[in-house]
Amino acid sequence: MHEVDMTRCLVLSMQSWRQRHEPTLPSVQRVHLEVGRFTCVEPEQLRFTWAVAVQGSWLDGADLVIETVPLVGRCLACGATYHPTVEAAYQSPCCQRPLEEIVSGRELRIRSVDYTLPTPTPTPTPTPTPA
Amino acid sequence: MHMPLEDTLGLNLLAANQHQADHNREHFEAWRLLCLNVMSSPGAGKTSLLERSLAALAPEFAMAVLEGDMTTQLDAQRLEAVGVPVVPITTGRACHLDAAMVAGGLRLLRQRLNPADLDILWVENVGNLVCPAEFEVGEHLKVALLSVTEGDDKPLKYPVMFREADCVLITKIDLLPYLPVEVDRIETHIRQVNPRATVIRVSASSGLGLPTWHAWIRQQLCLRLSMALPVPANR
Ligand SMILES: Nc1nc2c(ncn2[C@@H]2O[C@H](COP(=O)(O)OP(=O)(O)OP(=O)(O)O)[C@@H](O)[C@H]2O)c(=O)[nH]1
Ligand SMILES: [Mg+2]
Ligand SMILES: [Zn+2]
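Residue numbers (my numbering), protein chains in the order written: chain A, 1 to 131; chain B, 1001 to 1235.
A few of these clues could be false.
Unchecked claim - A few chain B positions that, by computed beta-carbon distances, are all more than 10 Å from chain A:
| no. | residue |
| --- | --- |
| 1 | Glu1029 |
| 2 | Ala1062 |
| 3 | Thr1090 |
| 4 | Glu1134 |
| 5 | Leu1156 |
| 6 | Pro1180 |
| 7 | Trp1216 |
| 8 | Ser1226 |
Claimed, not checked - Derived DEER-like restraints, expressed as beta-carbon distance ranges:
| no. | chain 1 | residue 1 | chain 2 | residue 2 | range |
| --- | --- | --- | --- | --- | --- |
| 9 | A | Trp58 | B | Leu1074 | 38 to 44 Å |
| 10 | B | Tyr1178 | A | Gln15 | 43 to 49 Å |
| 11 | B | Arg1078 | A | Thr116 | 41 to 47 Å |
| 12 | B | Phe1061 | A | Glu22 | 46 to 52 Å |
| 13 | A | Ser27 | B | Phe1061 | 35 to 41 Å |
| 14 | A | Pro43 | B | Ala1103 | 28 to 34 Å |
Note that these hints are calculated values from the structure, not bench results. Computed from a predicted model, the values in this text were never measured in an experiment. For glycine and all other residues, C-beta sits at the position ideal for the given N, C-alpha and C.
Could you build the full structure based on these sequences and the hints that come with them?
Encoded structure:
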């Protein structure tokens, strides 16, 4: 169940992102991910482990929006791109070349975060002066 | 007013693991050693291969093993018997090693020896054909094993690991006479998903192919050292 570890990594990344907004606590509505088809990640699994992981945390209620990215290869003989399939043993249909270059499909990326910030207080945030 | 906002991150999902893996690799560079991550499905022959290779290479190289046995210390005991230091990394129920676990293994290793004295650090990953490939641990090279008993379709069904591997070993070839499997087809399928990999056929039982495999290791070690040479050796 590697999705559990993926989720842990994701939550850690989100915590780093939150620190940028300190001292305010952003309320996250959606986290957009790009998950390539040529990875070991099951989007369904990931959504499930995410929902469990964020329960009761500051990310509770945040939706995980997963965009799957198709596997696209480039044939190095003629330069054409193609969709490699297991059935064709990932071969390029144009020149029968093996899977040489992967154009897309290896993505495991946090693309963006939709969030709101609490209403700012009238006084500006005091800049902490180092001691 | 709750203005909807959007931050574009474009961040690797596994950034946290990647960060730790890079950190591990910095140590490996400073210690001027070669780290190999050995991966396969359960029982493809990782420990058996290491038993043979450690014994064969011990006269030439100083080596140690980080052993990612899932729950037991059986594999670690088998390898200790060869006379090479082994640090077991108990992963609990995890299905792969991650960079933080390996960092923990390195801390234990440093209590026993000075890693700067090592030439090769082996990492035997958890037996799993799927996810170890996605979790870098800081290794320089990935070695994937596929035994002939697993069938010739595995590189196509589990392509990511074979794609990521620098070297693929087709193991247990001593069993070929007894199996309805064509080793050429296995190799063809590996090359379909990874035309760049070095593919070597080996048997830990008969020893067939091991000299070729060991020659590959020597070559990689030389490459690493020559690449590392211009860097001042301040540890
Ligand atoms: N015939 C034959 N059997 C082998 C060979 N290599 C390993 N085996 C057998 O395959 C079984 C599994 O070998 P291991 O070396 O334990 O495999 P492993 O990949 O380390 O297994 P895990 O760490 O549990 O994933 C054992 O019974 C070995 O004796 C080989 O080259 N030929
Ligand atoms: Mg083993
Ligand atoms: Zn073509």
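For each hint, the structure was consulted:
Taking the minimum C-beta to C-beta distance to chain A, about 24 Å, the non-interface status of glutamate 1029/B holds against the 10 Å cut. The claim that alanine 1062/B is not at the interface with chain A holds, since no C-beta of that chain comes within 10 Å of its own (minimum 32 Å). The claim that threonine 1090/B lies off the interface holds: its Cβ sits roughly 16 Å from the closest Cβ of chain A, which is beyond the 10 Å cut-off. Chain A draws glutamate 1134/B into its interface by the beta-carbon criterion, the shortest separation being 5 Å against a cut-off of 10 Å.
Listed as a non-interface residue, leucine 1156/B fails to keep its Cβ farther than 10 Å from every Cβ of chain A; the least gap is roughly 5 Å. In this structure proline 1180/B is separated from chain A by more than 10 Å, as the shortest Cβ-Cβ distance comes to about 20 Å. Even its closest Cβ contact with chain A, about 21 Å, leaves tryptophan 1216/B beyond 10 Å, as expected for a residue assigned away from the interface. Taking the minimum C-beta to C-beta distance to chain A, about 27 Å, the non-interface status of serine 1226/B holds against the 10 Å cut.
Take tryptophan 58/A and leucine 1074/B: their Cβ atoms lie about 42 Å apart, and the range 38 to 44 Å holds. Between tyrosine 1178/B and glutamine 15/A the Cβ separation comes to about 54 Å, which falls outside the hinted range of 43 to 49 Å. The supplied range of 41 to 47 Å is broken by arginine 1078/B and threonine 116/A, whose beta-carbon atoms lie about 56 Å from each other. Range check, phenylalanine 1061/B to glutamate 22/A: Cβ separation about 49 Å, and the 46 to 52 Å hint holds.
Checked against the hint of 35 to 41 Å, the pair serine 27/A and phenylalanine 1061/B fails, with Cβ atoms roughly 55 Å apart. For the pair proline 43/A and alanine 1103/B, the supplied restraint of 28 to 34 Å holds, since their beta-carbon distance comes to about 29 Å.
Hint compliance for this structure: hints 4, 5, 10, 11, 13 are broken, all remaining hints hold.
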